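J.: Starting from the known structure of chain A, arrange chains B, C and D on it as the hints suggest.
Protein chains in written order, with the numbering used here: chain A, 1 to 355; chain B, 1 to 355; chain C, 1 to 355; chain D, 1 to 355.
Because the hints were derived from the structure by calculation, they are not lab data.
For clarity, every value in this text was computed on a predicted model and none was experimentally measured.
In this text, a Cβ means the ideal position worked out from N, Cα and C, and glycines have one as well.
Keep in mind that the hints are not guaranteed to be accurate.
[Unchecked claim] Quick partial rundown of chain C residues pointing at chain B, CB under 10 Å, derived from the structure:
id : residue
1  : Ser3
2  : Ile74
3  : Ile120
4  : Arg121
5  : Gly124
6  : Glu146
7  : Gly149
4 protein chains.
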Amino acid sequence: MASQIGEKLKVSIFGQSHSEAIGVVIDGLPAGFEIDMEKLRAFMSRRAPGAGAHTTSRKEADLPRFISGVVDGITCGSPVCAIIENTNTRSKDYSNLRETPRPGHADYTAFIKYGLAHDIRGGGHFSGRLTACLCIAGGICLQYLESRGIRIAAHVSEIAGVCDRAFDPVSPELSEVLGDAPIAVLDASAGERMMKEILAAKAELDSVGGVVECAAIGVPAGIGEPMFDGIENNIAKTVFGIPAVKGIEFGAGFSAARMRGSENNDEFCIIGDEVRTKTNNHGGALGGISSGLPIIFRAAIKPTPSIARPQASISLSKSEEKTLEIVGRHDPCIVPRAVPVMEAAMAIAICDMII
Amino acid sequence: MASQIGEKLKVSIFGQSHSEAIGVVIDGLPAGFEIDMEKLRAFMSRRAPGAGAHTTSRKEADLPRFISGVVDGITCGSPVCAIIENTNTRSKDYSNLRETPRPGHADYTAFIKYGLAHDIRGGGHFSGRLTACLCIAGGICLQYLESRGIRIAAHVSEIAGVCDRAFDPVSPELSEVLGDAPIAVLDASAGERMMKEILAAKAELDSVGGVVECAAIGVPAGIGEPMFDGIENNIAKTVFGIPAVKGIEFGAGFSAARMRGSENNDEFCIIGDEVRTKTNNHGGALGGISSGLPIIFRAAIKPTPSIARPQASISLSKSEEKTLEIVGRHDPCIVPRAVPVMEAAMAIAICDMII
Amino acid sequence: MASQIGEKLKVSIFGQSHSEAIGVVIDGLPAGFEIDMEKLRAFMSRRAPGAGAHTTSRKEADLPRFISGVVDGITCGSPVCAIIENTNTRSKDYSNLRETPRPGHADYTAFIKYGLAHDIRGGGHFSGRLTACLCIAGGICLQYLESRGIRIAAHVSEIAGVCDRAFDPVSPELSEVLGDAPIAVLDASAGERMMKEILAAKAELDSVGGVVECAAIGVPAGIGEPMFDGIENNIAKTVFGIPAVKGIEFGAGFSAARMRGSENNDEFCIIGDEVRTKTNNHGGALGGISSGLPIIFRAAIKPTPSIARPQASISLSKSEEKTLEIVGRHDPCIVPRAVPVMEAAMAIAICDMII
Amino acid sequence: MASQIGEKLKVSIFGQSHSEAIGVVIDGLPAGFEIDMEKLRAFMSRRAPGAGAHTTSRKEADLPRFISGVVDGITCGSPVCAIIENTNTRSKDYSNLRETPRPGHADYTAFIKYGLAHDIRGGGHFSGRLTACLCIAGGICLQYLESRGIRIAAHVSEIAGVCDRAFDPVSPELSEVLGDAPIAVLDASAGERMMKEILAAKAELDSVGGVVECAAIGVPAGIGEPMFDGIENNIAKTVFGIPAVKGIEFGAGFSAARMRGSENNDEFCIIGDEVRTKTNNHGGALGGISSGLPIIFRAAIKPTPSIARPQASISLSKSEEKTLEIVGRHDPCIVPRAVPVMEAAMAIAICDMII
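Just chain A, same shape as in the assembly (with noise of 0.2 Å):
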């Protein structure tokens, strides 16, 4: 049950970093639905590695094959599963991994979870690695939002305290964000100086982390229910989901609990025929249910564990404490790779909803 989100649309994902593939099985797709491949493709290679100076220099293609549910592009209606074979994997770099946990990831917690059976190849499941299946069924579910007039976009909001401005809560302007850049921003220049804080944590042998951004619109008013299957349940639950994540806010969020709530309420007013409210502190959700609104989270990305410093950790099997360096490929900064991530999750959450 670790692996699968969703109740109407069942996103269920497998694999680890070096298994002979990893993928994801689809339930719950309408029938009928023509995914634009092309697409797709594009909108994953926003989440491989670059050939940027602070990603990781392992070549993923990442291309999907899709093994069923899918006729000549069409979905059929039965389950939709897609698989990325695993290539150009270098499993000797972590054969020290299993005595010596490194500090920030999930090797110890695996260990104690699933003994000397876990794969740690590469990070096994627990690997960013994965983060390419969620993006597979996320730009599916992109696509088929679009259909229904939904757009999801996201941006680099924060890098190592260098701050993109914000997106303008009540009409986002999805379009500005600078999506071929190196780092997707909206503003240029705040991108150039993340590349910089990048650059000099990774000289130092080091990483930074960051926030992204995410907003959608078009979201029809009364989407999400109640109590435990409200829009930020399901939107929380699901970006938890990706590797690194550490907090998420909607709307004001944080901002909110320091304002005044004649400052943070978010007066109705009457544009057009809509009902609308004047400014956007909710982030799109009342009582668990869009409002109409765009929704818009943050969530924050805690900087890359693997780094090339010695760090203290211990010996699993002598029980005795023991430094440890890493060796690898790393990327000195992941945020900028999680900016399609973070609006896959978003879109599969929003799609569970409205299917």
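T.: Just chains B, C and D now, kept in the frame of chain A:
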């Protein structure tokens, strides 16, 4: 599916603010567990509106009546149902809300979802009163967890910008929470300053929000599942079921996003016979699985949306703008009462993963 | 998770035979549906023990009290909870059963599962009395389905080897069921002969079982999912929730196993504008999905296990064999009362697939 | 949600008869379990079409390729995915079925549900071929159960009216099943007579159905939940996922409906140190919970719907009646091949309750 949570321990909440009763069904508790009813009542009284100037004057006995699943105070293995009869309801206060939705409330979104059938009296199913049911279930879970060596406590970490000191992330001082004070804090003087802010807001017919910090100690390593059923996912999904929550973070949370990896990574060490980390920026979960360190989260609570000031709203029937003045009894700050509710939510989520 | 069923319409049953109350939570009913309370009571009275010689003399009002989710008889969108207070319970009758399990009952298996904490009074959660809760939920579902043109009816097709005629599989004559007779049959004389068998068994301190046939007409083609969430899977899972059911078959069922393909296959034809089959050996479902033909099942009900004759059992505390004599009020045949329960179960299962 | 089953052990099946591959994801297996791949292949070969006159001539290697969750033959704790590539598919055989639905098949209901997008080639997702995936999951579950002392075996109890002897309900002789014979029976002569009936039907371009009996021994008392998650509910829900199953009964099943209570009740006794019943009409489950006696069910399988005789059908596009002649390779009787599939279904259902 809205009002239910859990896989192994299913908690199903029902009732509206002014229905005959509210209640909860708890399916999955082990048979033979003795519920300390006195302790449960004491726990629930922490949520009940008090006599203090900062809480509503509506008196609620809020004592649960167990109508199934418990024989002589001991669970018998079949589903536990407890109800609280609703009395002392002033339904007339809410008569105009069906027509004019309150900013910051679910009146409008519920109207879109349920139409005129929505039970708007007292907020219906969206009322904060329903958290009493969460506290019945959570209060029992807290006792069950305690029997397994797990303790949970929360405190107000911030109201209106006034901060309490934080829990020590490695060894949170749960017993130092001033549970009997009007505001449960670690630092009494912070509580006094918070109260001043609440009263100031009240005097100005306004309200304030805040942040609650909640910690669990004694959760063994290895609890939780990777990806979508991890510690963070399940706690977040439950906590967003509490009205007014707009954000959640674990461990260093959003601060982690501003740290370097070398700073955020929690290095492993051995203390006595146990594997521990020297710091606890990860908040007790790595890869979704508990590490044995305290599980710590903070949740942002928006200011009470019901304020006595005139606010802009609309007439739903006439589709025109209209000023709304809310009459009735409302807390200028619900954060103090949210403290046991957070403990309850965390206890339910952890029980579901541990039973 | 034991006592709950459904994905979109979740029905959660609680209570023991002698707890303060029994009840049901129904989550997922559309808002704005008016429940005909008089009709619901009439439906439930068909399950209630009557004055006839073949039913227990325990009087049960069994009228549900709606404590949430319904305002002025109309569903408001939030979970519906209805309870039935337990009165007129004779707990002393059951005092020795904890020590000496009744053959054919769950006393022994419940003891293994719950130990001494099991509430054995009146059978606890395993009591046939809990089917009253199924009838509350099912009775509402029947009304809802009727509003969508779907009708369900059952009759006793067999008791003690005496058979009623079967429904016409293509056009079941639902309205011809003699619902007011002591035994609901199509052929009054069959009912009389069944009653003779029941009374004969009673006179010999024994009991008899039987078969109920249940049909739904008006279910549109295309309902249900392939493989594990089909018409048959979901109805079977619900029907086996009724105590004493030991088998279920759809359409020609076990007889189909003895047919040739050319005989069992239902050939397609066109009647009016509609695609139909000439025969209905498939029982309304092909590949788990409704065909538009009537959905028909038969369920086998074992004879009431509580009989007044001495039976061999054991002493659990002494681990030795011991003769048991059951004292109390027991139906010599529960099949007649099971008729509305089957309708309820079918209605719940279909509602869950159709809502 | 269609093609997935289980709570703790989730089995998710994907693929169509002629898609690139079919497969299964198994989430919830304990880490560190060694799969005996040779044994799994042997198990699966019992389902594969043989060389015998009574089975289709389509060759299927049907050997699963494990692409995740298994390292060196040992489960690593993350979801197991195994696929079978589809080769040797003759898609042209099925070209006219989209227009003219086959009686007894899901062609029509799938058309109503999925429209023209339905992948009708080879029956698509409804194909009996998908039971190979059930056998992968079930074959692993069988091995896991065996490691915990639980054994499951099935035999053909009836084909075309010819009966094998039944298992002894108290001590089923699992090892006496003639597993290597063309038809797995207890009584070799019954198998020979069944084969004659199959060949006779084949000669007449017709098909026959039958009944499979399946037993599990070694399931400890106390497994399963009351009401909707009991032994019978879960096995029934899984078994109805096998194409062509039209009925299921446990223990004495429909025969129990014709017994007196004094005859059907299984009296308790003590054998050695164990509580047992003298007979096993209850089929191993009382109140949904296992009693420690063998769990025994029989499932009715309709005759293969694909027969070479001309049959009445319709033209979906023209809405007129039309004669259909099915071309292709079809078993005149699938009952022999269903034997391991029943074992697989039972193993999956029991694993889900026991893990």
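J.: Given Arg121(C) as an interface hint, is its Cβ closer than 10 Å to any Cβ of chain B?
T.: holds, 8 Å
J.: Can you verify the interface hint for Ile74(C): is its Cβ closer than 10 Å to any Cβ in chain B?
T.: Where the cut-off is 10 Å and the nearest Cβ of chain B is about 6 Å from Ile74(C), the hint holds.
J.: Should the hint that Gly149(C) touches chain B count as held when the rule is a Cβ pair under 10 Å?
T.: Cβ of Gly149(C) sits 22 Å from chain B, so the hint is violated.
J.: Against chain B, with CB atoms and a cut of 10 Å, does the hint on Ile120(C) hold up?
T.: holds, 9 Å
J.: Is the hint on Glu146(C) kept, meaning its closest Cβ partner in chain B is under 10 Å away?
T.: Interface hint status for Glu146(C): violated (19 Å vs cutoff 10 Å).
J.: Can Gly124(C) be said to touch chain B, with a Cβ gap under 10 Å?
T.: Because about 6 Å separates Gly124(C) from the closest Cβ in chain B, which is inside the 10 Å limit, the hint holds.
J.: Does Ser3(C) pass the interface check with chain B, least Cβ-Cβ distance below 10 Å?
T.: With a closest approach of 5 Å, the Ser3(C) hint holds.
Of the numbered hints listed earlier, those contradicted by the structure are 6 and 7.
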